[in-house]
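Protein chains: 2
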Amino acid sequence: MTEAKPTTPADDPGPSVASLETIVSLSKRRGFIFPSSEIYGGINAVWDYGPLGVELKNNVKRAWWRAMVQERDDIVGLDAGIIMAPQVWVTSGHVANFSDPLVECSTCRRRFRLDELPGCENLTTTELRDPTIVERLGLKCPVDAGPLSAPRQFNLMFKTHMGPVEEDGNEVYLRPETAQGIYVNFRNVRETSRKKLPFGIAQIGKAFRNEISPGNFVFRMREFEQMEMQYFVKPATAAETFEYWMPRRRAWYERYGVTPERLRFREHRPDELAHYAKKAVDVEYRFPFGWKELEGIHNRGDWDLGRHQQATGESLEYFDPATEEKYVPWIVETSAGGDRAAFTFLIDAYREEEVRGEKRVVLGFNAELAPYKVAVLPLLKKRDEIVEKCHALRDDLAKDIMAVYDDTAAIGKLYRRQDEIGTPWCVCIDVDSLEDGKATIRDRDTMEQIRVDLSQVKPIVMERLAKARG
Amino acid sequence: MTEAKPTTPADDPGPSVASLETIVSLSKRRGFIFPSSEIYGGINAVWDYGPLGVELKNNVKRAWWRAMVQERDDIVGLDAGIIMAPQVWVTSGHVANFSDPLVECSTCRRRFRLDELPGCENLTTTELRDPTIVERLGLKCPVDAGPLSAPRQFNLMFKTHMGPVEEDGNEVYLRPETAQGIYVNFRNVRETSRKKLPFGIAQIGKAFRNEISPGNFVFRMREFEQMEMQYFVKPATAAETFEYWMPRRRAWYERYGVTPERLRFREHRPDELAHYAKKAVDVEYRFPFGWKELEGIHNRGDWDLGRHQQATGESLEYFDPATEEKYVPWIVETSAGGDRAAFTFLIDAYREEEVRGEKRVVLGFNAELAPYKVAVLPLLKKRDEIVEKCHALRDDLAKDIMAVYDDTAAIGKLYRRQDEIGTPWCVCIDVDSLEDGKATIRDRDTMEQIRVDLSQVKPIVMERLAKARG
Chain S
1397 MTEAKPTTPA
1407 DDPGPSVASL
1417 ETIVSLSKRR
1427 GFIFPSSEIY
1437 GGINAVWDYG
1447 PLGVELKNNV
1457 KRAWWRAMVQ
1467 ERDDIVGLDA
1477 GIIMAPQVWV
1487 TSGHVANFSD
1497 PLVECSTCRR
1507 RFRLDELPGC
1517 ENLTTTELRD
1527 PTIVERLGLK
1537 CPVDAGPLSA
1547 PRQFNLMFKT
1557 HMGPVEEDGN
1567 EVYLRPETAQ
1577 GIYVNFRNVR
1587 ETSRKKLPFG
1597 IAQIGKAFRN
1607 EISPGNFVFR
1617 MREFEQMEMQ
1627 YFVKPATAAE
1637 TFEYWMPRRR
1647 AWYERYGVTP
1657 ERLRFREHRP
1667 DELAHYAKKA
1677 VDVEYRFPFG
1687 WKELEGIHNR
1697 GDWDLGRHQQ
1707 ATGESLEYFD
1717 PATEEKYVPW
1727 IVETSAGGDR
1737 AAFTFLIDAY
1747 REEEVRGEKR
1757 VVLGFNAELA
1767 PYKVAVLPLL
1777 KKRDEIVEKC
1787 HALRDDLAKD
1797 IMAVYDDTAA
1807 IGKLYRRQDE
1817 IGTPWCVCID
1827 VDSLEDGKAT
1837 IRDRDTMEQI
1847 RVDLSQVKPI
1857 VMERLAKARG
Chain B
1397 MTEAKPTTPA
1407 DDPGPSVASL
1417 ETIVSLSKRR
1427 GFIFPSSEIY
1437 GGINAVWDYG
1447 PLGVELKNNV
1457 KRAWWRAMVQ
1467 ERDDIVGLDA
1477 GIIMAPQVWV
1487 TSGHVANFSD
1497 PLVECSTCRR
1507 RFRLDELPGC
1517 ENLTTTELRD
1527 PTIVERLGLK
1537 CPVDAGPLSA
1547 PRQFNLMFKT
1557 HMGPVEEDGN
1567 EVYLRPETAQ
1577 GIYVNFRNVR
1587 ETSRKKLPFG
1597 IAQIGKAFRN
1607 EISPGNFVFR
1617 MREFEQMEMQ
1627 YFVKPATAAE
1637 TFEYWMPRRR
1647 AWYERYGVTP
1657 ERLRFREHRP
1667 DELAHYAKKA
1677 VDVEYRFPFG
1687 WKELEGIHNR
1697 GDWDLGRHQQ
1707 ATGESLEYFD
1717 PATEEKYVPW
1727 IVETSAGGDR
1737 AAFTFLIDAY
1747 REEEVRGEKR
1757 VVLGFNAELA
1767 PYKVAVLPLL
1777 KKRDEIVEKC
1787 HALRDDLAKD
1797 IMAVYDDTAA
1807 IGKLYRRQDE
1817 IGTPWCVCID
1827 VDSLEDGKAT
1837 IRDRDTMEQI
1847 RVDLSQVKPI
1857 VMERLAKARG
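Going line by line, the protein sequences match chains S and B. Read in order, the letters of the first sequence correspond to residues 1397 to 1866 in the numbering used here. Read in order, the letters of the second sequence correspond to residues 1397 to 1866 in the numbering used here.
Derived by calculation from the structure, the hints in this document are not laboratory data. Be a bit skeptical, because a hint or two may be false.
Restricting the straight-line Cα-Cα distance to at most 30 Å, the calculated cross-link-like pairs of lysine-lysine (DSSO-like) are [said to hold, decoys possible]: (1) S:1777 <-> B:1591; (2) B:1675 <-> B:1688; (3) B:1722 <-> S:1777; (4) B:1457 <-> B:1777; (5) S:1778 <-> B:1592; (6) B:1424 <-> S:1591; (7) S:1457 <-> B:1722; (8) S:1424 <-> B:1863; (9) B:1591 <-> S:1834; (10) B:1602 <-> B:1457; (11) B:1863 <-> S:1854; (12) B:1457 <-> S:1795; (13) B:1457 <-> B:1674; (14) S:1592 <-> B:1777; (15) S:1555 <-> B:1602; (16) B:1863 <-> S:1457.
Far from chain S, some chain B residues (derived; all Cβ distances over 10 Å) [claimed, not checked]: (17) 1445; (18) 1524; (19) 1577; (20) 1806.
Note that the structure is predicted; figures quoted are calculated from it, not measured. Where a beta carbon is used, it is the ideal one built from N, C-alpha and C, also for glycine.
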């Protein structure tokens, strides 16, 4: 693997079909994602998941949990608090190092991340902290060409106070990553779960970063969901563990339908590495705004457990019963974003087709990720017997899966609506159904329709769904 | 229903079997719930869910979502941000009213909630805000009998700053309730989901309250998970909607196994009502520390939508196509706690039995809530063929449900361990299995064992699980 270069596949697989605007517009129109507090004019970089978005995101989280916890015998789950003892963030290095270089224009007072100014994208960490860098490179405000201040390190952690008085002693932070919750619980988890090394701890939860320049819809938010797994290993085996996880984490996205050509690995240059990392490889996706990180795989060495052990005086060593050695485990982390993953599945699922001269928009989700698995639609909403049969079928399906009834348009339009939100199967009940007890199942992708006994609808849908799950 | 009195059942159904200490100790020992940041000496009122706790809590959340969203055609989901536009909390009344009366001892500097001082439990809201109350009742510090200050209204919202500089203009709050996220999204959700009234919006998510006196394990935490549903109705029907939800919300706890005699309703007295409530009834559970709120059902009238409409100038009225009327919907809310519900299921599931002269501890969870559905256990871990068969069976089960393998003790002890964490079924593979291809399924509650073909284990477990789900 060469540094700073994508290893596979070819550098540019061509643009994805959906533009960012298309996805943002569809998201709002159909209830995937809304601007937060919109009736108040919104709040920067926070987005709310609507009725379809929450189902999509929950399905993504469940699919991750299934692959990372349920299916495996060597990984267990955890759900630690967002607020932790503040000393944790001193030990972890976040208080000292988790910052971005901020420069300010003395004319317009706008603030910028130094590494996002034109020509500064490839500066090293050392250069970004150099107080003379603005002068040395002759940097100016990109808006009004005014003079810029020297870079100031702006810490990205949100601070608040716990307890009834605001005072220095009770400052706490909103966690900027879920990982530390795993490290400080390492010993409790290992002892109660009786796991031997190697084993992992997985966690899904919110993290908060006071980003200077959030953006690109839900790609970079100040409040976001992480899906992190920390794998604890014997130090000598960390490199092979890293190689083990790389293809598996990429394969997870492909398992749920992401176009392989829009995924690649990118290894961090030594000067890009975070303070805790010995090696870092990103799984990148080709977003409409370029190749960006989807997930990071990091060899964190013994940085975290070693530091926590030193700071607390509590032993975090592992006694290896096979070799009778004692050591602080090394950690290989796979760190994904729940919002980013949901966003990726949404973008990648989008396609436009022409059907009999008309445009058809389809979200071709893997059925396991689709918000609704099935829609039950009456051909005639004025026939009570049809509507009753539809409700009875939906209620029966809804005991096990997300199913929706809709009668607010003609059948052709109802099908299109379900295509646009990615519902894999539609069931239509018509006048003939009252006679022959059959219904039509329509497939989202092939648009093929089959006519089956009403009693067979649920078993057929459940079977197809199990197949999609793999 | 009479005020301030439990309506059903008899006042005291007797203590629950488990003491708080028993539950706290079991929770830590077996990996349900750990003190947060314990190696740092902990942090007050934050708890972390361990490998079993996270499964329990996820199962509780899923069961709630299933009952409130999936099974119903009139409720959709939402997942709004924790950080919202700060004006939302001015409009909602939280900035002005969401506070507790705090008194401070001028000798020892300890702070107390006025309404928690001996003799003050039944003071009205007006009395709690009366600056002369301490003097009038002659209250003293309960610790050192020192003089107490007049009550000060301490706002329970956590504040932080968004953006790169701490200044007044960018103060934001961590939401103290999830409900407001639903109200400000009401119009977007209704329009995109095409729902007609009455319909509801459900949400699960974290909320934060800077409680003066948190405690009783996970009962009252500063960071906690809410499971709230807001049902939007025509004003004239709010009272009947309230009556509709009361028994259903209580029944939900019973559906998942809570002892009916440990549940009751309690209606709030007029002087207890929150600023937004026209009527409030709590579902209470008999915790080891007394009858306490498990869930609140509130008639919020048009307080919320009316205020948001007024503050933003955006119409939040509903046009009723049937009657051609236009009105601001009234809201009936069911507000439950995810942590509190998980805690309740944990306490209520606990029982001790004597089996052949030995104590057996059982968590008698409904199978749907149990962290592991099945444990696969080898009778002899030294026989490779047995262990291999166990792993193959576990891996197959784990495609669909949480299954665990354990070989770190003799079979009797392994059974007891699974009883203690509530695993409904154990499968034991022994030497005979190698000959006859059969395994033993043991039931947690009856301890009955049946011998079945290995190929039948999964279908039998899945069938029993579906039955538990109801």
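- Query: If you draw a straight line from the CA of residue 1555 of chain S to the CA of residue 1602 of chain B, is it 30 Å or shorter?
  - Reply: Distance ~17 Å between residue 1555 of chain S and residue 1602 of chain B Cα, so the pair holds.
- Quick one, are residue 1778 of chain S and residue 1592 of chain B close enough, alpha carbons at most 30 Å? Holds: residue 1778 of chain S and residue 1592 of chain B sit about 17 Å apart, inside 30 Å.
- Restraint check for residue 1602 of chain B with residue 1457 of chain B, where alpha carbons must lie at most 30 Å apart: 12 Å, holds
- Task: Assess, step by step, whether the Cα of residue 1591 of chain B is no farther than 30 Å from the Cα of residue 1834 of chain S, and give holds or violated.
- Result: Answer holds: residue 1591 of chain B to residue 1834 of chain S is near 28 Å, not above 30 Å.
- Non-interface claim for residue 1524 of chain B, where every Cβ of chain S lies beyond 10 Å: 16 Å, holds
- Message: Please verify whether residue 1777 of chain S and residue 1591 of chain B have alpha carbons no more than 30 Å apart.
- Response: Satisfied, since the Cα-Cα distance of roughly 16 Å is no more than 30 Å.
- Task: Take the C-alpha atoms of residue 1424 of chain B and residue 1591 of chain S, compute the straight-line distance between them, and say whether it is at most 30 Å.
- Result: 16 Å, holds
- Message: For a C-alpha distance cap of 30 Å, please report whether residue 1863 of chain B and residue 1854 of chain S respect it.
- Response: Answer holds: residue 1863 of chain B to residue 1854 of chain S is near 18 Å, not above 30 Å.
- Verify the proposed pairing of residue 1457 of chain B with residue 1674 of chain B, using a straight-line Cα cut of 30 Å. 28 Å, holds
- Take a quick look at whether residue 1592 of chain S and residue 1777 of chain B sit within 30 Å of each other, Cα to Cα. This hinted pair holds, its Cα atoms lying about 16 Å apart.
- Item | 30 Å limit on alpha-carbon distance, applied to hinted pair residue 1675 of chain B and residue 1688 of chain B | This hinted pair holds, its Cα atoms lying about 18 Å apart.
- Task: Beyond 10 Å from every chain S Cβ: check whether that's true for residue 1577 of chain B.
- Result: Given a closest Cβ separation of 7 Å, the condition is violated.
When held up to the earlier numbered hints, the structure conflicts with 4, 7, 8, 17, 19 and fits the remainder.
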